[in-house]
Structure formats: C-alpha cells, structure tokens
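These protein sequence lines map, in sequence, to chains A, B and C.
Taking numbering that gives the first Met the number 0, the leading residue of the first sequence gets 0, the next gets one more, and so forth.
Taking numbering that gives the first Met the number 0, the leading residue of the second sequence gets 0, the next gets one more, and so forth.
Taking numbering that gives the first Met the number 0, the leading residue of the third sequence gets 0, the next gets one more, and so forth.
Be aware that one or more of the hints could be misleading.
Claimed, not checked - Restricting the straight-line Cα-Cα distance to at most 25 Å, the calculated cross-link-like pairs of lysine to any residue (SDA-like) are:
1. A:Lys119 - C:Thr210
2. A:Lys195 - B:Gln87
3. A:Lys119 - C:Leu32
4. A:Lys119 - C:Gln260
5. A:Lys195 - A:Phe235
6. A:Lys195 - C:Thr210
7. A:Lys195 - C:Val264
8. A:Lys119 - C:Ile200
9. B:Lys182 - B:Asn172
10. C:Lys109 - A:Ala36
11. A:Lys213 - A:Leu224
12. A:Lys74 - A:Tyr219
13. A:Lys293 - C:Phe107
14. B:Lys303 - B:Arg208
15. A:Lys195 - B:Thr96
16. C:Lys109 - A:Met283
17. A:Lys293 - C:Leu113
18. A:Lys293 - B:Leu135
19. A:Lys293 - C:Lys109
20. A:Lys165 - C:Val264
21. A:Lys195 - C:Arg270
22. A:Lys213 - B:Gly240
23. A:Lys195 - C:Leu21
24. A:Lys213 - B:Asn172
25. C:Lys109 - A:Ala44
26. A:Lys165 - C:Leu237
27. B:Lys182 - B:Leu131
28. B:Lys112 - A:Tyr219
29. C:Lys109 - A:Lys165
30. A:Lys195 - A:Ala44
31. A:Lys213 - B:Lys109
What the hints contain is simulated information worked out from the structure, not anything from laboratory work.
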Amino acid sequence: MRPGPLTDPAFPPTNAAPRQQYRLAHGKYWSIAREHAWMVVPPVAFLGVFLLLPLARVVFSSFAQPTWTLGNYAKVFDESFYLRSFWYTIEVAFCVTVVCLVIAYPLAYAIANSRGRSQKLMSVLVLLPLWTSVVIRSYAWLILFQRQGPVNSILLALGWIDEPLKILQTSTAVEIGMVHILLPFMILPLVSAMLKVDRTLLRAARVLGARPVKVFTRIYIRLTLPGITAGCALVFITSLGFFITPSLLGGAQQTMAAMMIEQAVSVFLNWPLASALSTVLLAMTVSLYLIYAKLTGGEIGMALK
Amino acid sequence: MSDVKGFAELRFDGVAKRYGEIVALHPTHLVIQPGEFFALLGPSGSGKTTLLGMAAGFVSPTEGRILVNGQDITRMPPERRNIGMVFQNYSLFPFLTVAANVAFPLEMRKHPKAEIVPRVRQMLAMVRLEHLADRLPAELSGGQQQRVALARAAVYNPSVLLMDEPLGALDKNLREEMQDEIKRFHAQFGATVIYVTHDQHEAAFMADRIAILNHGRIEQAGPQSELYERPNNAFVAGFLGEANLLHVTAYAAGEAGSRSVATQEGLRLVVSGTVQTGRMVCIRPANITLSPAPLSYANTFAGKVVDLVHAADSIRYRVQLNDQCQISVRVTSRRADARFEKGQEVYAQWEPEDVLLMEN
Amino acid sequence: MSGRPIIASTQGFERDVTRWILRGYTVLAFTFLLLPIAIIVLMSFSNQRYMGFPPPGWTLHWYEAVREQPRWLTATINSFCIGIPTALLAIVFGTLAALGIARGDVRFRKFLLLLMMAPMMLPHVIIAIGLYPTLVDMRLQDSYIAVIIGHTVIGVPLVFITVTASLRSYPASLDLAARTLGAGTWQAFRRVTLPMIWVGIVSGGLLAFATSFDELMLALFLTSPGTETLPRLIWDQLSFALSPTLAAVATLILVLSVLLQGFAVYLGARRSALKRAQP
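Can you build the whole structure from these sequences, using the hints too?
Spelled out as structure tokens, the structure:
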C-alpha cells in the first residue's frame, strides 16, 4: 500500500458511516431531503400562530360576537354605507388597474427594449418610488393637489382654469394617487414578460406578411399576456386593501374597505363589525387570487421578483 | 398583397454590410437562378447569415442592390417582399394551432376565408400533418414543428424560400430524414431556395449550387463537384472534403512534355499538363493509394504510417513522407483491401490529375 | 441576426417618428412617477411656514426642527428597535422556510408556498384586526414585541422569495456533495450553503427592515404611544399641520431607504456579475 491519508497513522479512518441513508424506526428512511423538510416547522408554526390563527379569529368573531349571530353581516349588507363602500372599493380598484395598464405598457416597452446602461437607469428609476413609503408618496400628492399647490398654480398660469380647483377630497385625487403608487407593480411584471418575448417570432410574423402594427397587435400583445394578467391581478388585489391614500386624499364619500374597517374599530369600537367587514374583504381577496391562479397556474409573488 | 410574384431569379448586386469599422460582408455579386436550391456554406461569422438577412429584409445593405426578377427590393420592408422563411428555432406562434399558424400569412394577405381553409389543408397534406391541424406547437415533436414551419413559409407561394440552418436543432437521424423531406418538398414545390448551413455534407446533399463564405467574402460558388475537384484556394479545399495542402516553390518542365512542381515540404510532384500555375497544391486524401510496394503511378513516395483512425466506413491514415511532410490518406474499408499498421512502411501514390493547383 | 424591437424594424421616417414619440412618452411617464418625490425633497428646504409651492427661499430650518423635537428622535429609535429584530426574525424564519421547501421533500408543498406568500397578498388591515386581539390574549399588547411580531409576519415572505431565488441559482448537488463528504447539517450549511445564499439573505433582510420602517397599517393597531414608530408619528402629525418638518422627515427616510435598498440592489448585481464570470 502506498503511503497517504488512508494509511497514515496521523489520519485514522473515521467511523462516520456514509450518511446518505440509514434506517430509522417505523421503517422510514432518513435522508437529507427529509431532514430539510423539518426546517419548515418553525416558520409554519410562527405563521400558523400569528397569521392563520388571527385570520381564523377574525372570521370566527364575525359570526360569534357578541353571541352566535349573523347580525354583524346583517349590518354590513343592510346599511347602504357599507355596501356602497365595498362597491366603491371595487370600482376604484378596477379604474386604477385599467389606468395603470394603459400608462405602464408603453413605458414597460421602452424599458424592455432599451439597452445596457439606459435600461439599468430606467429600472432604478422605476424602483425608486417603491423605496419611499406610501405615506410619503400620498403626502406628496396632498401637497400637489392643494388649493395653492403646484397643480393649481400651473393650471392657473396656463389659463386653463379661472380659479383653483378643488381636487382634494375627490375620487379623482384618490385614483391619481393610487395609480402613482401602484404603477411600479404594473411595470415590473410587464417588463419581465416583454424581456421573455422570442424576437424571432416577430421576425417570422413580418416575413409572413404582417405590417409592424399588425405584428404588435396580433402577436406582441398576445405574447406579453402573462405579464399583463400578472400586473393587473397584482394591482387590483393590492388596491382592494388600500388605506393610506384614500384616507389622505379622499373625503367621506371616498371611503374604501380598509378605511371602513379601521373606522369600525377606532371610531365605533365595534370589533365584531370590523371582523365581519374584514371577512368580506378577505373573501374578495382570496377569491380573486384563486381565479387568477386557476386562469394561469402561476404565483403573483414570483412574478414580482 | 404581394409585390413580387413567381419563382424568381435573385440577384445580389454588390451588396455589402459594414458595422462601423467591422465588415460583415464585403461587396458581393451573386445570381441565383429561378427554382435553384442554393446553399450558403461557411463557418460562424462568415457572412452567410448576413446575406440571408439582406434577402429577407432584416439587414439593410450599406451598399449595393438586391433584385428579384429584375425588381429592386433593397428598400422594401420584409412583409412586402413575398419571401418565405424558415428559422432555426421554427418560430411557430405558440398560442395558435398548427392550422392557425399556417393560415396566418394568408390572413395577413387578406385572402377570403373560403380560400384559406382548403389551402391550409393542402399545405398540411403536403407535409403529411393534416391529422395534427388542431394541436398547439408545444404538443409536436421537433421534426413535426419544422414541417409546420415549412408549410407556413410556403403556403402563400413565395417567390423565394429562405432557410436559416433549419435543421440545426435536430439530432442526426432526424436531420437526415428532414433533409430528404426538404429536398422532396423543393422538387414538388419548385421555389428558389437559399439555404444557410455550416454543415458541408448537408450542403452537398441538398444543393444544386453552393457558395462557400469566409470572413464576409464568397470564396467560390458552383456545383458541389466543381468546388470539390477545382477549389480556388486552400480554404475551399479544406472546407469541402478533406485536403492535403502543400506550398509551391518552383515549377519545372519534366520529361516527355510533363510538368512538375517543387514544394516547400520537400516533394517534387508531377502535374498534368492542362493545369495552370498556382501557389498551393491540394491532394485529396481519398485520391491517394497506399501499397506495400510501389505501383506504376507518376507520383510515388515512400513513407511510414504514424497513425490511423477508424471511421464508420473508412480508415484515415497519417503517413510521414519526410521530415517536413505528413499527409492524410483515406482508404474505404472494403473487405478485400489490405490494412496497414502503425509503423509500417508504405508507398503513397497518386495520379498527376489529382494534384490540384490553387492560387493560395 | 440580433433581435430588434418592433419599432426598429419599420423603415426610415416612420421609425423615427415612432421612436421620438416613445421617448417623449417615457420622459412624461417618469416625470409623473418621480415628480411627487422630488417635490417633497424640495419642500423640506423651503423657508415658508406652510406647504406652498414653489417655495420662496431655502433653509435647513426644518431639519433642525426635527433634530430638536425629542418625539422625532424617539420615534426614529423605536423604528430601529423594531425594524432590526424584525429583519433578523424574518431572516431566520424565511431562510428556514426556503431551505425546507426548496431542498426538502415536504408534503403539501403548494399549501406551504401559499402560506409563505400569504402575508404579502393580504391587506394589512385584516392581519391587524386579527393580530391585535390575539396579542392582547397573550398580554403582549402595547409592547415592542407586538409590533415586531406583526412586522415579522409581513417580512417573512420577502426573505423567503430572495433566499429561494438564491437557492435556485446553483445546483442542489453542491449541498449534497458537502454532506457526502462528511459535513454535518450545520457544518454543510455554514460552509457551503451560506456562502452561496448570503446575498439573498441579506437583501431579503434589508427589504424586511425597509418594509417595517415604512409600515403604517399594522403600526396603527399594534403600537402604543410608548412604541410609536416614525410612520405612526408622521400620520398623527398629518392631521395637525402640513408643516415642512414632515417633508424633512420624509426626505431623511427616503435617503435611508435609498441607501439600504441601493445596497441590496448592488449586492444582487455583484452576485450576477460573479455568476457570469464563472465558466
């Protein structure tokens, strides 16, 4: 035998058995993959206690407080204020989603088709607003929309209006603010989908006789559809839960779902009612997500990265 | 609506492409006859794809013109050129069925629906895929997808059919099957075809004429036999088939009206009288005969076998003739032929007609 | 033939017009996107009492005001005291979840994935409504821990996503190889897995911190006057007066966020550059 680590007395053979697999009790085989599977226990336990339990509690309280009753839901569906607010929330979410899509699509196209440094620069500029809090961005619109704020000043200077517009406390203000905040969430999935478009398909379409406009409408938009649906789903579902922007920029008429729930607690101290409202909102959110998953078989979160 | 009709003569009139300092294609003149199957052959970066791109309309030449049946199409956008194209990765629209893919160009040309349906069926029948008309491309195999691409490219009777290494993504057996398929298609359909490939065997098998490109220039164009038997230069000689290349140093007249050349590698070769001058000499390994004792060839050299490699149906020997010269000899493996071993002394010999003189 | 966008493949004049329209639009769109933020930053230097625009003069007065008011300082400290533990907890839970799901054979994989992503998908108000009573039952209300727990819940998905991406970026056989070579679980993790995924861990952690730092909804429910965070304070102040002090605070937070997230982006870019350098 040649000298070396195997025979050198300074390196005695270890008796660590090959650790791939060995038998445990119950006839189950231990393996590395099994071992890793146990790692999910702590996070699942944490989220189970601090996410699932609270959610269950919300749903439960809506039926069970102050006694077993459907009274809370009766309140929700009878009083037009709550119904109107839910409907308003859906309206706003829809409106904001459409506007975001229209604004974001050409911008995403420009970003996806730019090269190197300008593409990097534009990506950073799109992400920049995300690094400011929603409070601050909504606050900025508050300033912009004031009576003596920049928007009115410019409009007056241009002569388009005779006296300052009341923009705040209207639906328009809320929607503009929300579009501004949610725009990056529409841009990013669109860019991601556009980057994945196979260029030779566009060439093939041209050779086959399609003019550039036709290539765009018949082929390109179709190919970016996954990005469109992901972006729309993301923006719509996120809009449903908005609180800060409508609170700051809207008036009493512009109460959205999350504001209702917060009001129910802070003003009316009516936790059961808040639970009922939350359950409705939860049901809306979850069902929309299920619809999206069914349609595409995809995960929105992954699309964002 | 097509602007160009019929199976066309394609003429490249001095086309060139420059990207700043880099020349992708030097000024090139080429005429492709109507109905011809023409191959552009060459290594990566040789300019063959650039030339094809110009024909398609994706690359605009920095100089020169492109004419189809005499009509100048240089400035015409791709969708008006009535050209068919098959891409390497098939480029079938993934969200349309096979039939919808094939129907697409007809829709773009605003053919009435009543015409489109039978025409699509006819095309799919030609590539034997009518039974898959309602499938999506993802459900088809590579070979099937390529046939759909072929049907789609030809359904609107283009005057020219371009193919950009269409079989590159297929494995060997499938590739040979598809080569047959395309050849058969061409025979049936009759269009002018420009076929880009880097595989000399594919070009030799499929094309009527071949142009060999290197570094943006056409080195030589002609039928396969002409390129093989009368290569212009060392690149062509080496690219199409195998070659032993030697450098000429001097000419001399020999006995009885024959001529001989002396080479840098120390051999004196007898050449046949009809050949002109040249600076390099090429001898095809397939044209060299090996024997244990010299036979009556004009060019006979003694040497030693230093290596041998088996191919499927031949053996390639490396024979050392002298200190500077080692040549390749390819011997087809017929059962009755003699075999040689490493280290064996042999005689390598060939006819004067097999000494090909080239410019460089 | 390299691919080119649709616009580039139209000819001449048509193409130039389209290209310039697109460029103009891009400028407009980015202005819309960035103008409000620029306004805030500018306002923080305005020497006017109220938030008029354009400001007549410049001053650093408001930044000093921020420094002088103890409430701002406390709130900032609170935000850090909450944000850092949040990030750490999110890192622990998120990384464990990512390792378990990516490398382990778990049943109900889809359900687990859903659970991990759920906090990101749900409106924070619902989580707050449910979490507050739960924490009251645990007698944790009005404490730092309450907020930390709440923010960790929404921070875990962020770390989970980045670490999963890191784990996917290299072949799993590397980790297995370490084990067959004799390394134990922790050793293999420390010596092999960690160097490969630390970028994902750190950027996820930074994201979790930034999210916690900016978060308002859960803070509204879970903080008390003693644990008031910066966003909570801003929100309260908004109802009183639109003073440029808020703009100054906002600008400071913006700078901090940009630094943190810029750093995360830089890490990500460095990792892809290293990957590209590999054979």
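Okay, the hints, checked on the actual structure:
For the hint linking lysine 119 of chain A to threonine 210 of chain C, the alpha-carbon distance of about 23 Å falls within 25 Å, and the restraint holds. The hinted pair formed by lysine 195 of chain A and glutamine 87 of chain B meets the criterion: a straight-line CA distance of about 18 Å does not exceed 25 Å. Note on lysine 119 of chain A and leucine 32 of chain C: the hinted pairing holds, with a Cα-Cα distance of about 17 Å set against a maximum of 25 Å. With a CA separation close to 15 Å, the supplied pair lysine 119 of chain A and glutamine 260 of chain C stays within the 25 Å bound.
For the hint pairing lysine 195 of chain A with phenylalanine 235 of chain A, the CA-to-CA distance comes to about 24 Å; that is within 25 Å, so the pair holds. At most 25 Å may separate the alpha-carbon atoms for a hinted pair to count; lysine 195 of chain A and threonine 210 of chain C exceed this at roughly 29 Å. A distance of roughly 22 Å separates the Cα atoms of lysine 195 of chain A and valine 264 of chain C; the hinted pair therefore holds under the 25 Å criterion. With a CA separation close to 23 Å, the supplied pair lysine 119 of chain A and isoleucine 200 of chain C stays within the 25 Å bound.
Between lysine 182 of chain B and asparagine 172 of chain B, the direct Cα distance comes to roughly 16 Å. Compliance with the 25 Å bound is thereby established for this hinted pair. Note on lysine 109 of chain C and alanine 36 of chain A: the hinted pairing holds, with a Cα-Cα distance of about 14 Å set against a maximum of 25 Å. Under the criterion of a C-alpha separation no larger than 25 Å, the hint pairing lysine 213 of chain A with leucine 224 of chain A is consistent with the structure, at around 16 Å. This hinted pair does not check out: lysine 74 of chain A and tyrosine 219 of chain A have alpha carbons roughly 49 Å apart, beyond 25 Å.
This hinted pair checks out: lysine 293 of chain A and phenylalanine 107 of chain C have alpha carbons roughly 18 Å apart, not beyond 25 Å. Distance restraint check for lysine 303 of chain B and arginine 208 of chain B: the Cα-Cα separation of roughly 39 Å exceeds the 25 Å cut-off, and the hinted pair is therefore not satisfied. Taken as a hint, the lysine 195 of chain A and threonine 96 of chain B pair is honoured in the structure, with Cα atoms around 21 Å apart against an allowance of 25 Å. Only pairs whose Cα atoms come within 25 Å are accepted, and lysine 109 of chain C paired with methionine 283 of chain A is accepted, the gap being roughly 21 Å.
About 14 Å separates the Cα atoms of lysine 293 of chain A and leucine 113 of chain C, which keeps this hinted pair within 25 Å; it holds. Proximity of lysine 293 of chain A to leucine 135 of chain B is assessed by CA-CA distance (about 20 Å); at most 25 Å being required, the pair is judged to hold. Our distance criterion of 25 Å between C-alpha atoms is met by lysine 293 of chain A and lysine 109 of chain C, whose separation comes to about 14 Å. Restraint check for lysine 165 of chain A and valine 264 of chain C: the C-alpha separation of about 40 Å exceeds 25 Å, so the hint is violated.
Simply put, lysine 195 of chain A and arginine 270 of chain C have alpha-carbon atoms about 21 Å apart, close enough for the 25 Å limit, and the pair holds. Distance restraint check for lysine 213 of chain A and glycine 240 of chain B: the Cα-Cα separation of roughly 46 Å exceeds the 25 Å cut-off, and the hinted pair is therefore not satisfied. Distance check on the hinted pair: lysine 195 of chain A and leucine 21 of chain C sit about 21 Å apart at the alpha-carbon level, within 25 Å; holds. For the hint linking lysine 213 of chain A to asparagine 172 of chain B, the alpha-carbon distance of about 38 Å lies beyond 25 Å, and the restraint is violated.
Under the criterion of a C-alpha separation no larger than 25 Å, the hint pairing lysine 109 of chain C with alanine 44 of chain A is consistent with the structure, at around 17 Å. Straight-line distance between C-alpha atoms of lysine 165 of chain A and leucine 237 of chain C comes to about 19 Å, which keeps the hinted pair within the 25 Å bound. For the suggested pair lysine 182 of chain B and leucine 131 of chain B, the alpha carbons sit about 22 Å apart, so the restraint of at most 25 Å is met. For a cut-off of 25 Å, the pair hint linking lysine 112 of chain B to tyrosine 219 of chain A stands: about 24 Å separates their Cα positions.
As the CA atoms of lysine 109 of chain C and lysine 165 of chain A are separated by approximately 49 Å, the hinted pair breaks the 25 Å bound. The hinted pair formed by lysine 195 of chain A and alanine 44 of chain A fails the criterion: a straight-line CA distance of about 38 Å is larger than 25 Å. A hinted pair counts as satisfied when its Cα atoms are at most 25 Å apart, and lysine 213 of chain A with lysine 109 of chain B qualifies at roughly 12 Å.
The structure fails to meet hints 6, 12, 14, 20, 22, 24, 29, 30 from the earlier list, while all remaining hints are met.
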